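A.B. asks: Quick note, the sequences are listed as chains A and B, same order.
The opening position of the first sequence corresponds to residue 4 in our numbering, with each subsequent residue numbered one higher.
The opening position of the second sequence corresponds to residue 4 in our numbering, with each subsequent residue numbered one higher.
Simulated from the structure, these hints should not be mistaken for laboratory data.
Any given hint might turn out to be false.
Any copy, or any two copies together, can satisfy a pair, since identical chains are not distinguished.
[To be verified] Straight-line C-alpha distance at most 25 Å; calculated DMTMM-like pairs for lysine to aspartate or glutamate:
id, residue 1, residue 2
1, K295, E17
2, K310, E79
3, K167, E626
4, K78, E256
5, K546, E75
6, K195, E256
7, K167, E101
8, K295, E626
9, K491, D383
10, K423, D383
11, K195, E81
Values in this document were obtained by computation on a predicted structure and should not be read as measured data.
Number of protein chains: 2
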Amino acid sequence: MPRTLVAPARSIAEQLASKQREISVAEFFERNRQILGFDNPQRSLLTTVKEAVDNGLDASEEAGILPDLRVEISKEGEGGDRLRVAVEDSGPGIVRREIPNVFGRLLYGSRFHSNRQARGQQGIGISAAVLYAGLTTARPARITSKIAEEEGARVLELILDTQKNLPRIVSEEVQLWDREHGTRIELVLKAKYIRGRQSPLEYLRGTAIVNPHARIVLVEPDGTKITFERATSELPPISKETLPHPYGLELGELGYLLKASKRENIREMLSRDLAGVSVRASREVVAAAGLKGSEAPASLSGEAQEKLLAGLRGVELVAPSAEGLSPIGPMLIKRGLRNVLGEVRPDFFAPPVSRPPKVRGGFPFLVEVGLVYGGGLPADQPLQLLRFANRVPLLFQQGACAITSAVAAIDWRRYGLDQKGGSGLPAGPCLLLVHVASTKIPFTSEAKEALAEDEDLDRELTLAIQAAARHLKAHLSRVGRRQFASDKFAIIQKILPRLAEKASHLIDQPVPDLAPVITKIMDVVTLEPTVLADARSVQVTVKITNYTARPRVLEIFLEIDPTTLALAEYAPAPEGIDRGLGRAWWTLEKLASNARTQIELRFPARTDVEANDLDFYVAGVDEAHLLGADPLPGDWDVRLPRAIIEAAETAANGPTDEEEVDYDAAEASAHVSEDEG
Amino acid sequence: MPRTLVAPARSIAEQLASKQREISVAEFFERNRQILGFDNPQRSLLTTVKEAVDNGLDASEEAGILPDLRVEISKEGEGGDRLRVAVEDSGPGIVRREIPNVFGRLLYGSRFHSNRQARGQQGIGISAAVLYAGLTTARPARITSKIAEEEGARVLELILDTQKNLPRIVSEEVQLWDREHGTRIELVLKAKYIRGRQSPLEYLRGTAIVNPHARIVLVEPDGTKITFERATSELPPISKETLPHPYGLELGELGYLLKASKRENIREMLSRDLAGVSVRASREVVAAAGLKGSEAPASLSGEAQEKLLAGLRGVELVAPSAEGLSPIGPMLIKRGLRNVLGEVRPDFFAPPVSRPPKVRGGFPFLVEVGLVYGGGLPADQPLQLLRFANRVPLLFQQGACAITSAVAAIDWRRYGLDQKGGSGLPAGPCLLLVHVASTKIPFTSEAKEALAEDEDLDRELTLAIQAAARHLKAHLSRVGRRQFASDKFAIIQKILPRLAEKASHLIDQPVPDLAPVITKIMDVVTLEPTVLADARSVQVTVKITNYTARPRVLEIFLEIDPTTLALAEYAPAPEGIDRGLGRAWWTLEKLASNARTQIELRFPARTDVEANDLDFYVAGVDEAHLLGADPLPGDWDVRLPRAIIEAAETAANGPTDEEEVDYDAAEASAHVSEDEG
């Protein structure tokens, strides 16, 4: 087999052996800096700003301080290929002894081992920026940090020694600083400033959208100052540290937990070191694993560990809590989207979707989705996708992101968008916002720009996006039907009287009363909401008119974002309310032919409620005879005594009755559309 | 500013500080294993096979041994979610003391610091597989390795301790092994075996294509055995270690080189530690930097270093050599494509494109491209893209790869393919192979599945792909023209005689000789190559017929892959040959109207030469009067005395002569198409 060898084999094995060497993690990333997001001057600038801002936000929030950030970017030197970047935050500051490691050492940080949602999780980002700066300009990073109870701020200049992956302090002093507490980092690096796509500006705008509690100032190289003011002074609930949940835990991971556990015995370890395992459950698990439960956690054999894991998988556990997570929430998603859209007024805001938390590899995560459609959005372009992870906008690598794949894998034609071959990004005037929150985001690389493919994540993404897509579909078909029916209505009301007039004139007879005729022809129940907003509140009046030939018992159902519903005042009072789902419903008095009634809603201290925000459904009349609302979807499990009685009555005394049938049909079809999920 | 704090600020800064901790690189990758390509069972299997196979190929080649690899994948245990993977290579083996670190320690290896092309460059891959195996099944890796001059093979079982990032040996013994030398790794991991897209099989097939010197055997879980036999027993030239080239060197990098240098003074350091810097150049650089040259490398101040770098950028240096690189080469690219296509016979093989080496960040790289079109390839699908980096197929993250972006950024409509909006992957029966070879590939993550965007890389990719695309365009237009002209030819030769017959019959006259008439109507020079292949050789006969009204002096030009040209025998002998470019040309005796002549080519010991491989060009007649070949493109700088004289003659005694004009036009247009590059 061996061909004329370059040298006798011994020395070859030895030669190769002699080349074997350890690689410093800093050397590795210095040589592969593209992995960290530093592969060209434009992206390197964005990454630097991103890492510093994310740290500032994390630090402020952890300390319960409203984030107040300032980003200054200015030209440096003659070459024109260097920029000075300064990012200042209002955080609690960093104690002197930690400053060098935090900024001058890769794989060092406070959030990696804590099982809670944070922007920074790797302990790499900001030190990587320091590394890149040193690499391209050989200039040290200048750190200024002050904690509340020290008079002066510590000012350190340091570089990252890549051979050792350790900080080297170049200079140190104490200075007065006007901030009470906070941190400022200044770097000089090879970089390029741009606006528009994938720019610091776009990143900061995206950040402001999902972090409305933060105030962010950007000073551009030409001196332009852009301020994103605070939209709320409410800090998001501080996400708690959570214990690892057994769902999706791998054998090896369980092994580490057992080894690391300080508990007396396995039963304790299970119930105290893991989330979702009650004392009772821990007993069941131990039993299922055929163990006593008194064994010392570290003592378990590999075999016993396997049995324990099987036990954990077999026993019913408490679902993972969202405590470790800090979702954006429906209101902010909506406000955020408005914010992005600016002047563009879309026709339709889908009610934001927020999935319950799930677990992958012991880490809880949840998916939120917002969708807007129509209006000024470009109709011939692909759907616009806004990706967020732990409240951080993702601007690069859209093509490699699990969020994108989930969107592309859905057949959007079923939901009313154009899509070539039923896969890939659909085309249409549609903007989709997707946020993944997790105590551990599965990024495809240290640059944190795309999420890795994962079955569990993909399922949640798909369900959330499909839910939003179903709202879109309902909207589109509603629009279509309304259009058709109201056109018909308009025509009849115009033409008939004229015909009647002409005819009466010819045969020289008085013009007959057409109301009953029109009713006969129209044969619909109409629902017309009108929204009146003033400076202090929003008033919604819903007119319901029975243009059918016979009396109707109608049930009106309202679906609206729960936080909005909570504020609402009603007349008449609804028969039932589901605050969790944001639903309210009324049973109207029997409404005679040609009769009209109305429901009034008031939203005090709200000015941003729109007709789009209110979804009305009607039971008691079938889809074909309904105008301005949809029949009640099949997935509403509210009981409808009156409607059913009424249906029965009419079935009894009425002639052939298409309603019951149609109503069932409506339900059926509603179920079908459910199955899409 | 500070809101009701969770606790007094001091303790907060302190609290945060107390959480600061170092993160072991193994812990980091254990938690972020998706970054290493271990995010789901299917991909984890592929990554494991890939890392082991790549190492086997690298080791064998470095030792000058023909690679002989065996991959065995078998079911393990009851659960059905575990597989046993064994990969065995014919390499030189690993000396005992290095085995633990090579397989049980991240960021440890022999190729990271060596500036030469290799598949593995990070010192992460195989240890990551060991880490993943331990994590999912808690089973140790079993390593068997034997070097030529030891009787027995070392057999170690080890796991990777993630807290320490160090190997822990579980068992060790010495065994007899039938191999003279080599290494085998056995892992049990949570994995899923599939065939088809992104499967081990696809990866190994791709590997075999661009590594025809390797023999690879795959045994699937169901026992199926697939063997990729060696296509050649020639090892590719072993790529040499090269010094870093100053082009694209960053200031910081230069700093490290200066610090690390063992040279007496800067002048020596420049000429000996850097590639492309002659002794003379080093003097110029030193002068340009305003230095003496006798300074000790380590002694230079930051300012002096900046000047030195400026000097390096200002002075003319020797271009980077391809010594450190091992391209696939035109023959193998072509054979490789045939191999992929199997039964699918395309209409057109573009001559493979290979760009000269360039440099990014001191590391040389080059781009190779192969393109095939038509035949059995699906016409309605997007172009199929085969990506390779250092002879390794890239199967994941196509959407995130610089190669894909380069393809998508080209307006393929200009080259005859469908493309919506002139960007994105074009549609058409087209297969594109792109190979990037470099001493350092800029992967987007440690999983090594996509190349990061980079200006220099993108330029080279674009130029190479466009060159291939131009060949495609030429082919398509040639096909179009030929079709039209030969249709015309056929019709005339059928219809005219019949007409003549009928007419003569009617007027009762003898049928006239039509040859001159047909000639007058056709007015073309035809070139018809016929290819005859037998078991031992290929015989090509090129018939040239002058169907124009007057005598022609013609020059025939042949372009063909140089290695094929080298073998050719000719009758008559060509007037000139350019072996480098693979070109030969003939000046024919004056060819009378209606006269015919021919050129014969023989390729002994070749059976795979096809009409498609031969591109013929003709000078001495304009495009409009040429059938079966193209006019000589403008970028051929061969001198054409006779043709020019002839053109002049005819210009002198002939009437208005469109040829010169058209010939210029042809040249012009050829230049234009060049400018697309």
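A.B. asks: The structure should be examined with respect to each hint, and the outcome stated for every one.
C.D. replies: Results of checking the hints against the structure:
no.	hint	in the structure
1	K295 <-> E17	neither (52 Å within a copy, 42 Å between copies)
2	K310 <-> E79	between (62 Å within a copy, 17 Å between copies)
3	K167 <-> E626	neither (73 Å within a copy, 67 Å between copies)
4	K78 <-> E256	between (48 Å within a copy, 23 Å between copies)
5	K546 <-> E75	neither (55 Å within a copy, 73 Å between copies)
6	K195 <-> E256	between (43 Å within a copy, 20 Å between copies)
7	K167 <-> E101	both (17 Å within a copy, 22 Å between copies)
8	K295 <-> E626	neither (63 Å within a copy, 92 Å between copies)
9	K491 <-> D383	neither (30 Å within a copy, 44 Å between copies)
10	K423 <-> D383	both (13 Å within a copy, 12 Å between copies)
11	K195 <-> E81	within (14 Å within a copy, 57 Å between copies)
Hints 1, 3, 5, 8, 9, counting from the list given before, are not met by this structure.
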